Amino acid sequence: MSPALLPIAREALLLALLVSAPALGAALLVGLLTGVAQAATQISEPSLGVVPRLAAVLGALVVAAPWIGGRLARFAADCLALVPGIAP
21 MSPALLPIAR
31 EALLLALLVS
41 APALGAALLV
51 GLLTGVAQAA
61 TQISEPSLGV
71 VPRLAAVLGA
81 LVVAAPWIGG
91 RLARFAADCL
101 ALVPGIAP
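First residue of the sequence shown? That's 21 in my numbering, and the numbers climb one at a time after it.
If you're looking for bench data, these hints aren't it; they were derived computationally from the structure.
Predicted model only: the values in this text are computed from it and were never measured.
Ideal placement from N, C-alpha and C gives every residue a C-beta, glycine not left out.
Hints may be right or wrong, so weigh each one.
Distance windows between CB atoms, simulated [as the list claims (entries may be wrong)]: (1) V103 with G51: 37 to 45 Å; (2) V56 with G79: 16 to 24 Å; (3) G89 with G45: 48 to 56 Å; (4) I63 with A36: 29 to 37 Å; (5) L35 with I106: 49 to 57 Å; (6) P66 with L102: 22 to 30 Å; (7) I63 with L102: 49 to 57 Å; (8) G45 with L68: 32 to 40 Å.
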């Protein structure tokens, strides 16, 4: 394995965490709120927990899409710029 690939792999893992953060954060927040509301009202309907969480994740992805796309495009451009130095 080329030594130049290790920083790229590290950056790819960090980028995966950063890109997934808005959707996971929205799901966590809405899931916590709906869980507390279900516990307070003693309603145990599964769809009452899933539907708001799904809507929150979709909303977070719509809002964060330009930022996610920019980060991914920048990473792809950086990877493509390193190809001539790595390939024999």
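Hints versus structure:
In this structure, V103 and G51 meet the distance hint of 37 to 45 Å, their C-beta atoms being roughly 41 Å apart. At about 20 Å, the beta-carbon gap between V56 and G79 stays in the expected band of 16 to 24 Å. Between G89 and G45 the beta carbons are some 18 Å apart, a value that contradicts the proposed interval 48 to 56 Å. The hint said 29 to 37 Å for the Cβ distance between I63 and A36, and at roughly 36 Å that hint holds.
Checking the proposed 49 to 57 Å range against L35 and I106 shows it is violated: the Cβ atoms sit about 18 Å from each other. With their beta carbons about 47 Å apart, P66 and L102 fall outside the hinted range of 22 to 30 Å. For I63 paired with L102, a C-beta distance near 54 Å keeps the hint of 49 to 57 Å intact. A hinted range of 32 to 40 Å for the beta carbons of G45 and L68 is inconsistent with their spacing of about 21 Å.
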